[in-house]
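Protein chains in written order, with the working numbering: chain A, 1 to 235; chain B, 1 to 76.
Treat the hints loosely; a few may be bogus.
What the hints assert, rightly or not - Over 10 Å on every C-beta distance to chain B, these chain A residues come out as not near it, computed from the model:
(1) Pro-41
(2) Ser-141
(3) Thr-205
Said to hold, decoys possible - Reference excerpt, derived from the structure (chain A facing chain B, CB under 8 Å, subset only):
(4) Lys-47
(5) Arg-51
(6) Val-55
(7) Ile-102
(8) Phe-211
(9) Met-218
These aren't lab readings, by the way, just hints derived from the structure by calculation. Yeah, the Cβ is synthetic: ideal placement off N, Cα and C, and Gly gets one too.
Here's the letter readout for the chains.
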Amino acid sequence: MFDYFNPYRIFKINSTLQKIVFFCFIIVLSIGLVEALFLSPEDYLQKDSVRIMYVHVPAAWISLGIFSTIALLSFSVFVFKNKNLILISKSLAPSGILFTLIALVTGSIWGKPTWGTWWAWDARITSMLILFFFYTLYLLSFRIFEDQDRSNKISSIIAIFGAINIPIIKFSVDWWNTLHQPASISLTEKSAIHSSMLVPLVIMTAAFALFSVLIFLMKYNTELIKIKNKGLKRL
Amino acid sequence: MITDLVFMNGYGVYVWSAFAFTLISFLSLYFIISLQLKKEQKRFEKNFSTLSEEKYNAAINQEIHKEILKHSGSKI
Chain A
1 MFDYFNPYRI FKINSTLQKI VFFCFIIVLS IGLVEALFLS PEDYLQKDSV RIMYVHVPAA
61 WISLGIFSTI ALLSFSVFVF KNKNLILISK SLAPSGILFT LIALVTGSIW GKPTWGTWWA
121 WDARITSMLI LFFFYTLYLL SFRIFEDQDR SNKISSIIAI FGAINIPIIK FSVDWWNTLH
181 QPASISLTEK SAIHSSMLVP LVIMTAAFAL FSVLIFLMKY NTELIKIKNK GLKRL
Chain B
1 MITDLVFMNG YGVYVWSAFA FTLISFLSLY FIISLQLKKE QKRFEKNFST LSEEKYNAAI
61 NQEIHKEILK HSGSKI
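If we strip away everything but chain A, and leave its shape as in the complex, we get:
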């Protein structure tokens, strides 16, 4: 099974995929922006400020998805002792932290016209801020500890520990009284959002997902070349 995680194989696929993913990203993003900014209707209550949803919600979804993946891969590192899984997790983190930041900043911008405040210590916002700190700690652990085995172990522990925050973010709107509304989209139930708004939301989510794939591919190759550079010096 781990032959699929062979660095040479991944590097070769990555190098070819980068251009294709970049091209798809530009196309999907362009369609998404036109839909989100010009074609989708305004909300009856929030008016045009609802358009911020098309960047805020996909960013929040993807940041959660990436951290869940990192946590799962970090757990697998302890089980399977495969160092390439660390490399994959490390390469996912830059886009994850960026999406968390985008979710926080655009949420704050959306909060001003909707709630009348830039920031509130509401359960959803606070737990997202904690996620941002976990991402920061995760990335810093690779810089702080020079010993690679130690940094791998500590970063994996941070990711596994940080995974506790994921269900808290997801269910914060149900467990506590927050400024955020409960989830409008569910995999098991009918969506509460009209298709005229759901379509741009799905397109923007696809564009953001493609961007995170693109950054992952580039970062993975960078990290792999860095390792091979060290290997050349040891020859």
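Since the structure of chain A is provided, determine the placement of chain B on it from the hints.
Then chain B, alone, in the frame of chain A:
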């Protein structure tokens, strides 16, 4: 019509700044990662070109090294 699109009933400043922040963040991360990748490729090429003949022959036989050199546009 253009003013309607820009001002969005008074919400334009919020909507446009949210979208601008997102796109600028995308561009920044893309360029940072691109620069890092190019820097590592150049360093690899430089390290490779300074290898002794014996070490060069051992290194060039590895598929991953060939692939890195191929994608960095190296003439080695």
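A quick look at each hint next to the structure:
{"no.": "1", "hint": "Pro-41", "verdict": "holds, 12 Å"}
{"no.": "2", "hint": "Ser-141", "verdict": "holds, 18 Å"}
{"no.": "3", "hint": "Thr-205", "verdict": "holds, 13 Å"}
{"no.": "4", "hint": "Lys-47", "verdict": "holds, 5 Å"}
{"no.": "5", "hint": "Arg-51", "verdict": "holds, 5 Å"}
{"no.": "6", "hint": "Val-55", "verdict": "holds, 5 Å"}
{"no.": "7", "hint": "Ile-102", "verdict": "holds, 5 Å"}
{"no.": "8", "hint": "Phe-211", "verdict": "holds, 6 Å"}
{"no.": "9", "hint": "Met-218", "verdict": "holds, 5 Å"}
Checked against the numbered hints given earlier, this structure breaks none of them.
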